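Engineer: Line by line, the protein sequences give chains A and B. In case it helps, my numbering puts the first sequence at residues 1 to 557. In case it helps, my numbering puts the second sequence at residues 1 to 326.
These are calculated hints, taken from the structure and not from any lab test. Since the model is a prediction, treat every value here as computed from it, not as a measurement. Where hints are given, some of them may not hold.
[Unchecked claim] Facing chain A, according to a computed beta carbon distance under 10 Å, are these residues of chain B, among others:
| no. | residue |
| --- | --- |
| 1 | Met29 |
| 2 | Gly83 |
| 3 | Ala87 |
| 4 | Glu91 |
| 5 | Leu96 |
| 6 | Tyr163 |
| 7 | Gln272 |
| 8 | Asn285 |
| 9 | Ile288 |
Where is the CB? At the ideal position from N, CA and C, for every residue including glycine.
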Amino acid sequence: MHHSIPMHIGRRTVLSGASATALAVAASGCSLQIRSRPDPTIGSDTLLSGGDAGTPTFTANFNPYQPNARSSVGLLYEPLLLQNPLDGELTPWLAESWEQSDPAELVMTLRSGALWSDGHDLTVQDVTFTFDMLKEHPANDTKGAWSRIDSIETDGQDILFHLSGDDSPAVGSIGPTLIVPQHIWSGVEDPTTWRNEDPVGSGPFTLGNFTPLQYTLDRNEDYWQADTILIQHIVLPAATSEIDLVTKGYDWAYSYMSDVDNTWGAANDHNRHWFPPGGIIGLHPNHDVAPFDDVDVRRGLSLALDGDAVGKAAAEGYMEQASQTGLLLPNQEDLLDPSIPDQGIVTQDTDAAIAAFEKAGFSHDGSTMRTPDGDPFSFAITTANGYTDWLRAVQEVQRQLGEIGIEATIRAPQAAAYEAALSSGDYAIAMGSSNGSDTFQGYANLLSSEYYVPVGESSQNNRIRFRDDDVDDLLQRYRASVDEQEQTEIIHGLEQVFMDQIPIVALYYGGLWGLYNDGRFTGWPTADNPFTSPQTYGSSPLMVLTHLRPVEKEPAT
Amino acid sequence: MRYALRKVGLFALTLWAAVTLNFLLPRMMPGSPADAAIARLSQNGPVTDETRAAVEAQLGVPDGNILQQYLAYLDQVIHLDFGISYAFYPEPVSGLVATALPYTIVLVGTVTVIAFILGTLLGVLAAWRRGTWLDALPTVGGSFMNTFPYFWTSLLLLFFLGYVAHLFPTFGAYSATAVPGISWDFFVDILYHAALPAVTLLITSLGGWIIGMRNAMINTLGEDYVTFAEANGIGGRTVALRYAARNAILPNLTGFGLALGGVVGGSILVEQVFGYPGIGFLLFNAVIGQDYPLMQALFLMITVSVLVANLLVDILYGVLDPRTRR
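Using the sequences plus the hints, can you model the full thing?
Structural biologist: See the structure below:
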């Protein structure tokens, strides 16, 4: 089960970087132009997708609740509400509508007429069965629906979720739950380990041929909105290294690619890319570790850094400096407080930075920043070994801080140890990713004191150990509000908190690395038509596949 | 006989030490498997407490104190039950290993045997005809090829012969459309896919065998008994093979034993580059995924294979060189 927002260039990319290097060296040394060479057996109604990567081969795992499930489960199973990874907006899907007039109660109305791919009707019983199964098997409840739900009732096609308290944002955790058929899953002994090799779903595609090296999805003729699906087959090979993506005529892929115009872009005249922001990469101070508990120190760090330069160092200039408001811009510009100058983009100002540090009792003698005790100011930035983009970012941060006499060192344990260090608070300041499509949840996960645990204890949320009564109050007011206007005002308040208290130092946006080819199919999400993110996993494929259509061939003259 | 018994006893002791180390080492790595799984998930977005709880529930946390875990581990090792893989959850480790092992044994095993036989023979020839082109070509060529890092060689071959010339497949152990089974077509398909990785391994490992054999051989050729044999008019080929080579092969044979034991470890980088679904690829994924059960099974398998190969080489030594029996 994938989360919605890729934060940084993944490990897979780091590895396949080796072959990309060979490509780049060979291409530059011998003036070889690599062109894509599509497989002629792929028909005009068939989409070649690089959306699922073998390790190196596929295992047939279509259990949508497992982290190792094939990424195409998002086209086989459907949620009640489809969440847009760009801005968190919910689109009615299996539920034809939803309503929350009481912040402690959520009502969804199930669409009638939806069928499972074996012909059975999709009913309210399937929905309640799914949620009961998640309650009984918390290992499958990856979105934490039951941390919000108290009980579920049904009335005709209506499903009433009684929430554990006032919780208007709960819909973001409940709506995206993928619904499975009761008549199949009720007979499964342990739905947490079941592979579901022969999936029966409600989605627009069904599983065709499966081999460990490639599988196909076929159009579901009985899909409830079959008229929107104009693609007959999807082929997903296991070989999706960067060089495969470039040379084998893929229609859709998801991968960070160095020098994208001269690699992916040059391989085919119709190859395009769109890299919208999906999260905020920044410095995460540990608010329980001095001097990072001091807002002036955090402001000093923020003003001392040029997020744009850091972003350029990290991701070749594909991603822009992130807004200190905590919003993904332009995705979420509707929520931006217009009174915040420059959309919350902090401009580097070393004099102001030094002034902020001096306000915190630091002293600066022109070359060295000294702590109130008179020692040179020095700290370690924790990042994960192998995340090369983050490492490049930290090196740039290190260089910029060096210019105002602050010595930052780099501590790069391997990824698992990095996660453990951040969860248990064993760090002073760390590279981290935060926020994302669900605006409110992004703030709450980072700032809510209900997630606070002291250093030494583990928590996955609020790893920065932030506590503020006013912020808790804002979060609680949001949960109790079902008025959109009021909710927007509260979000504006949270943006102000981000600007004033600098809980994290926002640097640059983490990208969503969409690669697509509009030679055979058109209707892709783009910067001009950003109806969803270009990612090949999670909730995007359902939205993308219901928009794609074959390119009309010019009639021969 | 006492010689062999002593070797077997030593083997048992080493085996126990290896099995125990294999238990301890993964537990000394920082971060838990759940942390590793979270690290993987967090590449797609922030992970919440709920997701962590779900992941921990799926992977399970080892229970009991370290001694109980050790006893449970020994019991599992005896029954070859290595549990469920974390990185490939919910696949059982034994199934993953059983699927990957044949590919690696066929690819790396065959290449190792070929490289050893070919390299040793070329080494004998080079030493026997030293100073001629039969010496210069394999020696210089061998050391030249030996200096190539094999992942670089494999990338070059993959790029030019696979992606540019389209002569060889670029991924996997067989075609996506092939039907695995016992058939001539499938066999040919497997060979076709193994060709590039095999060539990579061969050209980068051949040099070591040639040079090792040549140098040892030149030393033996200087021995008095070789001169004596030649003076007695024994034919050149007999002197080279029966007198010099038999004595010179001992160091190479040790190396061969170790290499053969290492075969089951696969060749991580070559398998990675060619997307070859063998043990090396599995091991790589196990390490980056903190997949303790899979790592333990693989390390144990590699250690035991190397130990067994060593034992066999030791015993073979006894046969080839009577002096070691004392």
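Engineer: Taking the closest Cβ pair, is B/Tyr163 under 10 Å from chain A?
Structural biologist: holds, 5 Å
Engineer: Quick check on B/Leu96 please, does its C-beta sit within 10 Å of some C-beta on chain A?
Structural biologist: holds, 9 Å
Engineer: Let's test the interface hint: is any C-beta of chain A closer than 10 Å to that of B/Ile288?
Structural biologist: holds, 7 Å
Engineer: Going by Cβ atoms only, is B/Ala87 closer than 10 Å to chain A?
Structural biologist: Since the shortest Cβ distance to chain A is 8 Å, the answer is holds.
Engineer: Going by Cβ atoms only, is B/Asn285 closer than 10 Å to chain A?
Structural biologist: holds, 6 Å
Engineer: Hint B/Glu91 vs chain A: min CB-CB distance below 10 Å?
Structural biologist: Result: holds, 6 Å to nearest chain A Cβ.
Engineer: Under the criterion of a CB-CB separation shorter than 10 Å, is B/Gln272 in contact with chain A as hinted?
Structural biologist: Since chain A brings a Cβ to about 7 Å from B/Gln272, closer than 10 Å, the hint holds.
Engineer: Does B/Gly83 hold up as a contact with chain A if the rule is Cβ-Cβ below 10 Å?
Structural biologist: This interface hint is violated because 12 Å lies over the 10 Å limit.
Engineer: Checking hints one by one. Is B/Met29 an interface residue toward chain A, by the C-beta closer than 10 Å rule?
Structural biologist: Holds: closest Cβ of chain A sits about 8 Å from B/Met29, inside 10 Å.
In summary, the structure is inconsistent with hint 2 from the numbered list given earlier, while agreeing with all the others.
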